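J.: Chain by chain, the residues:
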Amino acid sequence: MRWPSTKKYFNGFRILTLLSSLALMMDQIFIRWRMDGKIQIVSLAGFLPEPLMTSHLLFQAISVLFLASGLLWLFCIQPKWTSILSVVLFIFSTSLYLQNEPFGDHRQSVFCFLLMILAAREFQLLKHYFFPVAASIVVSFYFLAGWEKIFYSGLSWVNGTSLQVFVHYMGYGNSHLRHWILQSATVAKFLQAGILILECGSIFLFGPRFLRWAWLIGLVGFHIGIEEIFAYRYFLHLFLVLYLFALPDILERRHEKNA
Amino acid sequence: MTKRAELILILSCAVLFFASFLVYPLFPVQRYPLFADAPTQYETYQILNSEGIRIPLSLLNLQNTYDGDPTFLVGRLPATAYKWGHVLTAPELEKHLNSLDEELLADISYLCIQRSVFGTLSDDSFGVTALDHFVWKDRKISSDPTLFASSCATEVNQ
Chain A
49 MRWPSTKKYF NGFRILTLLS SLALMMDQIF IRWRMDGKIQ IVSLAGFLPE PLMTSHLLFQ
109 AISVLFLASG LLWLFCIQPK WTSILSVVLF IFSTSLYLQN EPFGDHRQSV FCFLLMILAA
169 REFQLLKHYF FPVAASIVVS FYFLAGWEKI FYSGLSWVNG TSLQVFVHYM GYGNSHLRHW
229 ILQSATVAKF LQAGILILEC GSIFLFGPRF LRWAWLIGLV GFHIGIEEIF AYRYFLHLFL
289 VLYLFALPDI LERRHEKNA
Chain B
1140 MTKRAELILI LSCAVLFFAS FLVYPLFPVQ RYPLFADAPT QYETYQILNS EGIRIPLSLL
1200 NLQNTYDGDP TFLVGRLPAT AYKWGHVLTA PELEKHLNSL DEELLADISY LCIQRSVFGT
1260 LSDDSFGVTA LDHFVWKDRK ISSDPTLFAS SCATEVNQ
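Quick mapping for you: the protein sequence lines, in order, are chains A and B. FYI, the numbering for the first sequence is 49 to 307, going by this note's numbering. FYI, the numbering for the second sequence is 1140 to 1297, going by this note's numbering.
Do not rely on the hints blindly, as some may be mistaken.
As the list claims (entries may be wrong) - Simulated coverage check for chain A against chain B, where a stretch passes if three residues somewhere in it have a Cβ under 8 Å from a Cβ of chain B:
#, segment
1, 120 to 134
2, 291 to 297
Unchecked claim - Only part of the chain B face toward chain A is listed, based on derived beta-carbon distances under 8 Å:
#, residue
3, P1167
4, P1172
5, Y1181
6, Q1185
7, P1284
Note that these hints are calculated values from the structure, not bench results. Note that the structure is a prediction, hence the values are computed from the model and not measured. Built from N, CA and C at the ideal position, the CB exists for glycine as well.
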C-alpha cells in the first residue's frame, strides 16, 4: 500500500481528522452523564479527587477550550502550540467523559492517537512513516475488535442467537435489518460470520488491490448496518478508512488515465 | 529525524500501547470488546407494587446495565443483581430482594414480578421463550399462578 506524498493529500487527512475530532467532542458534550454507581478507573481522570472528576462544569470548560484550540490548529494558527494544547485538552476532556459516561464508548482512542501523530508532524517528527502509522491506528480499531470476539467467546460467537439478542435489546424498533435478523437466526449467523471475517481480516486492507476493495466494500456495509440498527455514530472511522485506503487507489487510477 | 530513529520511536510507542492494552487499558488506550460475548438469552422484568404502580428497576437494583461491553469497563457501574446472559433463579431473586434497603422494603407490602426471557425460538425467529410470574410477599418469593392472579393488577396479568 502506497500513499500519495503530496502536501495536498496530507492536508486533506489533517483536515478530516481534526474535523472528526471536533465532531466527536461536540457529540460527547451533549451525552448525559451518569452520577450514580461505583467508580471504575478507565482513564487518568479516574485518579483525580471525586469532586473534580465528576465536575460537569470542568468537563464543559475543557471541551470548549479543545474546540477553540482545535479550530485554531485547523486554520494553522500557531500550529505547534495549538497542536500540543489540543492533544492535552482532548485527552483531559475525554478522560472526564469516559469516567462519567452512562455506557461504554470506544470511539475516542483512534482519534486521540491520530491527533498525537499530527501534532508530532508539526514538530517535523514522523515524516517517513506518517501514513503507515495512521493507517495502522485506524485498522487496529477493527482488527482488535474482531480478535476480542475470538478471545472472549471463541468461534461460538457466530451462533446467530447472540446477534439476535444484541439487536433485540439495543437496536431501533423501526430498523429493517433488525427485523430480518430477528426473523431468522440463520441470517444472523451468516452476518456474524461476515463481521468476524471482516474485522479479524481487516489487515488485508494493506494487501493487494482486489482484497483491499473487497474489505472496503465490506466495511461500508458493516458501518451502514451499525448505523441502521444502533445509530452508534461510528461512521467517522469509515471516512478515515476510505480516505486512507480508497482515495490513493482512485487518485492513482486518475493519474494513470491522465498519463 | 532519521528513518531508523523514527522506526525505533514508533515501535517503542507500539510496545507501550500493547502493554497498557493487555495489562490495564487507561484512556487514551481503549479496548474494543463491543458485543464480544455470545449470550443465548436475556430477560426483562416488569415489577408492580400492591397498588399496581410500576416500580423503576433501578430502585430495586434489578436494572440491566449491559451496554454491549461484556467487560463492563465503564467509568460508572451501578449496583445491580441483574446478570447479563444468566436468568436469575427464584431463590436468587428472593435473596436479592430481601437484601434491599430496609427503609425501601418497609413501604412495600408485596411485589408482582413478571419476567420475560427472550431467545431463539424453534422456528429460528427471536421471541419470548419463557414468561415467569412471581409474587414477593412476606420476604418470600412464590411462583404460584393462583397467588399471582389474585394479588396482581391486570396490567401485569395481561
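J.: Each hint needs a verdict: does it hold in this structure or not?
T.: Hints, verified against the model:
Under the rule that three or more residues need a Cβ within less than 8 Å of chain B, the assignment of the segment 120 to 134 of chain A is violated, with 0 such residues. For the segment 291 to 297 of chain A, the stated coverage by chain B is violated: 0 residues have a C-beta nearer than 8 Å to a C-beta of that chain, whereas at least 3 were required. Given the 8 Å rule on beta carbons, the hint for P1167 (chain B) holds: about 4 Å separates it from the nearest Cβ of chain A. Here the hint on P1172 (chain B) is kept, as its CB sits about 5 Å from the closest CB of chain A, short of 8 Å.
Nearest Cβ of chain A to the Cβ of Y1181 (chain B): about 5 Å, under the 8 Å cut. The hint holds. A cut of 8 Å between beta carbons decides the hint on Q1185 (chain B): the least distance to chain A is about 15 Å, and the hint is violated. Residue-level restraint check for P1284 (chain B) is violated (minimum Cβ-Cβ distance to chain A is 27 Å; threshold 8 Å).
Going down the numbered hints, you'll see the structure goes against 1, 2, 6 and 7, while the others check out.
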